[in-house]
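Enquirer: Residue strings, one per chain:
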Amino acid sequence: MRMVMGLDRPDAGTVTIDGKRFGELRWPLREVGALLEAKALHPGRTAVDHLWALAQTNSIPKARIAEVLELVGLESVARRRVGKYSLGMSQRLGIASALLGDPGVLLFDEPVNGLDPEGILWVRTLLQGLAADGRTVFVSSHLMSEMALTATDLVVIGRGRLIAQTSVADFIDSNTEASVLVRSPDADGLADALCRAGAAVVAGDDGGLLVTGLDAARIGDLAFGAGVAVHELRQVQASLEEVFMEMTSDMVDYHGHTPAEVGS
Amino acid sequence: MTTVAVPGRVTLSDVSHGRAGFADQVRSEWTKLRSVRSTWICLVVVFLAGIGLSALVTNVEAGRWATLGFVDRAQFDPVRFSQTGEFLSQFVVGVLGALIVTSEYGTGSIRTTLSTTSHRTTVLLAKLTVLGAVVFVVSEVTAFASFFVGQLVLLWHGGKALPAGSSIIDQVHSATIPVVGITDGGALRAVFLSGVYLLLLTLLACGLGFILRHTAGAISAFVGILLVLPLIVQILPSSLSSSFERYLPSNLGLAMIFVTSRKTDFAGVLLAPWAAAGLLALYAAATVALAAFLLVRRDA
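If you read the sequences in order, they're chains Y and S.
All letters in the first sequence, in the order written, are residues 1 to 264 by the numbering used here.
All letters in the second sequence, in the order written, are residues 1001 to 1300 by the numbering used here.
Honestly, the hints are just simulated from the structure, not real lab data.
Every residue gets a Cβ at the ideal spot worked out from N, C-alpha and C, and that includes glycine.
One or more of the hints may lead you astray.
[To be verified] Residues of chain S placed beyond 12 Å of chain Y at every Cβ, according to the derived structure:
#1 Asp1014
#2 Val1123
#3 Ala1126
#4 Gly1224
#5 Asp1299
[Stated by the list, open to error] To give an idea of the chain Y side of the interface with chain S (calculated C-beta under 8 Å), a few residues:
#6 Met1
#7 Met5
#8 Arg9
#9 Pro10
#10 Thr14
#11 Arg26
#12 Ala40
#13 Ala53
#14 Leu54
#15 Asn58
#16 Ser97
#17 Glu246
#18 Met247
#19 Thr248
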C-alpha cells in the first residue's frame, strides 16, 4: 500500500493507479485516498484543523470537512485535540481523511482496528457502499471472518509473495474438498455403506460423519438403499479463515505455541 | 446509526484541470503551524527573551560604565547589548524549525503529508516558506523592539548620544554612557541582520529535521553546531583555531550584529557583517539541499 502511495520505492516494477504512477497524479488526494496508520496524527491538533490542513493541499472546499465528519460520526468531538482520541475515534478520523477528496480509489489498512461492534458493522456497510458506488476499495486485513463478509475479490500475500488472486467464493471452493456432514442413529451402518461406495468417512466427536468424495444427493440415495435413517445431511463449507490457514501454514514468519508445547 | 450516504453534496472541481501545487501546500503548512500550541509558545518566548535579556544585560553594562577602563569602554556596544536575547532565541527557533518536520516523522503523519502531493520537495519548500516567513517577522519585530528597549535603559541610566562623527576615541573619553540611534552608522544593519540570523538558523534546523528525522537527533545536532563546535575548534592548535573560528555559525551571528566593537581589535577575528550573513545563508542552503536530496531518495 505504501508503494501505491509513492511512499516506499519497490525493489522492482511499478505501481499505477488508473494507469498513472503516484508521482504523475495531479490531485493525489482526490484520486486516491488512504488510511494507512490511524494514530499518525499530531496529538495537539484538532480534527477540524487536521482535515482542513489536508483539504488545503488539494484545494478541497472547507464545507467538505463537515460532510466527512458527519459521515464518520465525529461532529461532536471535531474541535477536540486528537491526542485525546481513542483508537476507534482515530480510525474514524483516518477514514474521514481518506474520503476527504472523494476519490475513486480507496486504500484501507486494517480499517476496523479498535472499533466497537457497531463501528465494525458501520465500516463494513461503508466499504460495501463505496464499492457499490463504483469505487475501487482496497482493504488489507488479518481478520479473515471480516474479509469473508466484506470482500468480493481477494489477494493473498505471504512472505511478500502473491499466493492467490481470485474471488472469495472461488478461493474457498478451489482450496477445499467439498465435504458433507451426515448424522444418523446407525452411524456405523451408514459409514459402511458409504465406504463401499468409495467415499472417505471421518467420524466426528458428536456422532456425525464427515464425508468426502460423494455429494449430498448420492449420500441420501445410498442411505435410502441401505435402509438407514438420516437425521441431518448438509454440505459443509470451509470458512475463509480455515482455507487461509491451510494455504499459508508453511509461509508464516512467526509460529506461536501452546503452553504445553513450550513445556515439553 | 449505520446509514451510509457517501456524501456528494459538496462537489469538487474536475480533477482533470489544474494540479495540486506549491500555493496549496503553503496554505496547508500555515494551518498546521498555527493549529499547534508549541508554535505560539516558541514565538512568545523569542519575543520576551529578546526584550527581557536586552533590558537586563543593557542595565548591567550601563551600571558598570563608570568603572570601565579604556579597552572596555571602546568595546561598549549598545547595539550588541540590546541583541543579547538572540543567544537564547537561536535555540528556540532551532527547536521550532526541527519540530515542524520531526513531529511529523515522530507521529508518522509525514506519510499523510507526502501523499497529498506528487512532488515531495513541494512539502519541504512549503515548510521553509511558511516557518521562514513567520520566524522572520517575529525576529525582526523582536530585534527592533529589543534595540529600542536597550537604548531606553541606557537613557534611563543618564546616557546620551555622542555627537555625529564621533570616533571610538570620543566614546572612550566620553563622561556619559553612549546611546545609539537606529540611523547611526551600522545600527540599522546590525538590528536587521539580527533577525536574519534567526531566520537562517530556522531554515538550517528545518533542514536538519528532514535529514535526521528524529526530534532529539535534530535538536542535538543543532545545539552541537552552535555550542559544541566552538569548543572543539578552541582546543585545536591556535594557528588552526584562529583561522576556523570566524567561520563558525555562532561567530557569524556575532559578526552580523557588531557595531561599535567592530572598530576595535576584539572584532578583528570576525568576518564583515554581510559576508557573514552570506556564508550563513550558504550553510543553510547546503543543509536544505542535502535535506531535499534525501527526502526524494529515501522511503518515507
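Enquirer: It remains to establish, for every hint, whether it holds in the given structure.
Expert: Do the hints match the structure? See the list:
1. Asp1014: With a cut-off of 12 Å, Asp1014(S) comes too close to chain Y, as the shortest Cβ separation is near 10 Å.
2. Val1123: violated, 9 Å
3. Ala1126: With a cut-off of 12 Å, Ala1126(S) comes too close to chain Y, as the shortest Cβ separation is near 9 Å.
4. Gly1224: The assertion about Gly1224(S) holds, with a minimum of 26 Å to chain Y.
5. Asp1299: violated, 4 Å
6. Met1: violated, 10 Å
7. Met5: holds, 5 Å
8. Arg9: holds, 6 Å
9. Pro10: The hint is violated - Pro10(Y) has no Cβ within 8 Å of chain S, the shortest such distance being about 10 Å.
10. Thr14: violated, 14 Å
11. Arg26: holds, 4 Å
12. Ala40: holds, 3 Å
13. Ala53: This hint holds: Ala53(Y) lies near chain S, its Cβ roughly 4 Å from the closest one there, short of 8 Å.
14. Leu54: Holds. Min distance 6 Å.
15. Asn58: Since the shortest Cβ distance to chain S is 5 Å, the answer is holds.
16. Ser97: Holds - the Cβ of Ser97(Y) comes within 8 Å of chain S, reaching about 7 Å at its closest.
17. Glu246: violated, 34 Å
18. Met247: violated, 29 Å
19. Thr248: violated, 26 Å
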